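Enquirer: Single-letter residue listing:
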Amino acid sequence: MCSTKWPARLGRDAVDLMLAAVTAVAERSFFAVAERCDETQFAKLAEGEPRWIVATVRFTEGDCPGILTCILSEELAHNLFHAFAGEDPLDPPPAQEQLFDLIGECANMICGTWLTRLEDRQTFNLFKPVVRYMLDRSPLVLPEGTMRFTLNDMPLAINVRVAGGAPAAAWG
Amino acid sequence: MRILIVDDSSIMRTLIKRVLALANVPADDILEAGNGAEALAILESKDVQVLLTDINMPEMNGVELLQKLMTSDRWKRLTRVVISTDGSASRREEVAGLDVRCYLEKPFTPEVMRDVLNEVAGAPGA
Chain A
41 MCSTKWPARL GRDAVDLMLA AVTAVAERSF FAVAERCDET QFAKLAEGEP
91 RWIVATVRFT EGDCPGILTC ILSEELAHNL FHAFAGEDPL DPPPAQEQLF
141 DLIGECANMI CGTWLTRLED RQTFNLFKPV VRYMLDRSPL VLPEGTMRFT
191 LNDMPLAINV RVAGGAPAAA WG
Chain B
38 MRILIVDDSS IMRTLIKRVL ALANVPADDI LEAGNGAEAL AILESKDVQV
88 LLTDINMPEM NGVELLQKLM TSDRWKRLTR VVISTDGSAS RREEVAGLDV
138 RCYLEKPFTP EVMRDVLNEV AGAPGA
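Those protein sequences? They're chains A and B, same order as listed. Here this note's numbering runs 40 ahead of the position in the first sequence, where the first position is 1. Here this note's numbering runs 37 ahead of the position in the second sequence, where the first position is 1.
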């Protein structure tokens, strides 16, 4: 049982904070625009995307464990890499190792920024992100509580699971 | 001036190096380490003036590294900068007693990093 006291509800407040975290990361690191996205719009954007990347970050907030998962299209991942590296979007795509390193760092920053804003008086620890291609070609069936966003009008889904707490409420 | 960048993300180390170059920080040598243990090995063998370190890293994290550096006068003049996703007041308080010159929260814009680097480049020991 965690001694860390999560917010009374991982609901709207936590989702608002997640949007703020995604926005901060998007703007400062990738010069990108982040917006909230509803299920219908997300499904439309996701349609036809051939490949998806999943980045998972385990964390502990005090003594309470959790997992943050980011799911984004490979196209968005390449877009973010070129922006972060200061490259032309038309440049060849990066090597997989480099791409996964960046996406892992992106998930890391989103998780850390969210946790900092969620509970400023509690230190947290982040574990090295695990990044992989999603095997299933269709990402449309996302877990309950998944939050949906767009970065530069491309789909990004984030899911958070914490021990002893409810999943963050779905948006839209 | 010799600078040591400590972060388990190679892409983040590359970004910091790029910002160092763009900011014209007078660095003669830039070294890298993937965790605190690697950093300590470098610090024990080379004379480094500025340390830029992440907090959350495997094997030896940034706080453990900074605590280790406090155990010897050898690194008394080493300028220490923390670069971390953990911007909580609790974490900042934790490192406050570890001779940290600046605390830079990720994500950061290149301009903010540049300003921090230009400030510490003129610090004692640098």
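Simulated from the structure, these hints should not be mistaken for laboratory data. Note that the structure is a prediction, hence the values are computed from the model and not measured. You may find that some hints are simply not true.
Label-pair ranges, simulated between beta-carbon atoms [as the list claims (entries may be wrong)]:
#	chain 1	residue 1	chain 2	residue 2	range
1	A	Ala135	B	Thr146	20 to 28 Å
2	B	Glu148	A	Glu87	36 to 44 Å
3	B	Pro63	A	Pro132	44 to 52 Å
4	A	Pro90	B	Ser82	44 to 52 Å
5	B	Val149	A	Gly88	56 to 64 Å
6	A	Glu75	B	Arg55	43 to 51 Å
7	A	Pro133	B	Arg114	40 to 48 Å
8	B	Glu156	A	Glu127	42 to 50 Å
9	B	Glu96	A	Glu87	40 to 48 Å
10	A	Arg91	B	Met107	43 to 51 Å
Partial selection, computed: residues in chain A whose CB lies under 7 Å from chain B [to be verified]:
#	residue
11	Ser69
12	Arg76
13	Asp78
14	Gln81
15	Glu114
16	Asp141
17	Leu142
18	Asn148
19	Arg161
20	Arg172
21	Leu175
Quick list of in silico lysine-lysine cross-link-like pairs, BS3-like style, CA-CA up to 30 Å [said to hold, decoys possible]:
#	chain 1	residue 1	chain 2	residue 2
22	B	Lys83	B	Lys105
23	B	Lys105	B	Lys54
24	B	Lys54	B	Lys83
25	B	Lys83	B	Lys113
26	B	Lys105	A	Lys168
27	B	Lys113	B	Lys54
28	B	Lys105	A	Lys84
29	B	Lys54	A	Lys168
Glycine included, each C-beta is placed from N, C-alpha and C at the ideal position.
Enquirer: Could you run down the list of hints and mark each one as holding or not?
Expert: Taking the hints in turn, this is what the structure says about them:
Distance hint check for Ala135 (chain A) and Thr146 (chain B): the Cβ-Cβ separation is about 26 Å, which falls inside the suggested range of 20 to 28 Å. Evaluation of the 36 to 44 Å hint for Glu148 (chain B) and Glu87 (chain A) yields a pass: the beta carbon distance comes to about 38 Å. Checked against the hint of 44 to 52 Å, the C-beta distance between Pro63 (chain B) and Pro132 (chain A) comes to roughly 34 Å, which is inconsistent with it. Between Pro90 (chain A) and Ser82 (chain B) the beta carbon distance is about 48 Å. The supplied range of 44 to 52 Å therefore holds.
The supplied range of 56 to 64 Å is broken by Val149 (chain B) and Gly88 (chain A), whose beta-carbon atoms lie about 38 Å from each other. Checked against the hint of 43 to 51 Å, the C-beta distance between Glu75 (chain A) and Arg55 (chain B) comes to roughly 28 Å, which is inconsistent with it. Distance hint for Pro133 (chain A) and Arg114 (chain B): a CB-CB separation of about 44 Å, consistent with the stated range 40 to 48 Å. Our hint of 42 to 50 Å for Glu156 (chain B) and Glu127 (chain A) is violated, since their Cβ atoms are close to 29 Å apart.
For Glu96 (chain B) and Glu87 (chain A), the Cβ-Cβ distance of about 43 Å falls inside the hinted range of 40 to 48 Å, so the restraint holds. Checking the proposed 43 to 51 Å range against Arg91 (chain A) and Met107 (chain B) shows it holds: the Cβ atoms sit about 47 Å from each other. Interface hint at Ser69 (chain A): satisfied, since its Cβ lies 4 Å from the closest Cβ of chain B, which is below the 7 Å cut-off. At its closest, the beta carbon of Arg76 (chain A) sits 19 Å from a beta carbon of chain B; the interface hint therefore is violated under the 7 Å criterion.
This hint is violated: Asp78 (chain A) has a C-beta 26 Å from the nearest C-beta of chain B, more than the 7 Å allowed. Interface restraint check: Gln81 (chain A) against chain B, minimum CB-CB distance 25 Å, threshold 7 Å, status violated. With a cut of 7 Å, the hint placing Glu114 (chain A) at the interface with chain B is violated, because the nearest CB-to-CB distance is about 17 Å. For Asp141 (chain A), the suggested interface contact is upheld, since its CB lies about 5 Å from the closest CB of chain B, less than 7 Å.
A hinted interface residue such as Leu142 (chain A) counts as satisfied when its beta carbon comes closer than 7 Å to some beta carbon of chain B; here the least separation is about 5 Å, so the hint holds. The interface hint given for Asn148 (chain A) holds, since its Cβ lies 6 Å from the closest Cβ of chain B, which is under the 7 Å cut-off. About 5 Å separates the beta-carbon of Arg161 (chain A) from the nearest beta-carbon of chain B, less than 7 Å, and the hint is met. A distance limit of 7 Å between C-beta atoms decides the matter here; for Arg172 (chain A) the minimum to chain B is near 17 Å, and the interface restraint is violated.
Residue-level restraint check for Leu175 (chain A) is violated (minimum Cβ-Cβ distance to chain B is 25 Å; threshold 7 Å). Under the criterion of a C-alpha separation no larger than 30 Å, the hint pairing Lys83 (chain B) with Lys105 (chain B) is consistent with the structure, at around 16 Å. Using a Cα cut-off of 30 Å, the hinted pair Lys105 (chain B) and Lys54 (chain B) holds, with the two alpha carbons roughly 25 Å apart. Between Lys54 (chain B) and Lys83 (chain B) the alpha-carbon distance is near 19 Å, which keeps this suggested pair within the 30 Å criterion.
Taken as a hint, the Lys83 (chain B) and Lys113 (chain B) pair is honoured in the structure, with Cα atoms around 14 Å apart against an allowance of 30 Å. At roughly 22 Å between alpha-carbon atoms, Lys105 (chain B) and Lys168 (chain A) fall within 30 Å of each other, so this suggested pair holds. This hinted pair checks out: Lys113 (chain B) and Lys54 (chain B) have alpha carbons roughly 24 Å apart, not beyond 30 Å. The straight-line distance between the Cα atoms of Lys105 (chain B) and Lys84 (chain A) is roughly 52 Å, outside the 30 Å bound, and the hint therefore fails.
With a C-alpha separation of about 21 Å, the suggested pairing of Lys54 (chain B) with Lys168 (chain A) holds against the 30 Å cut-off.
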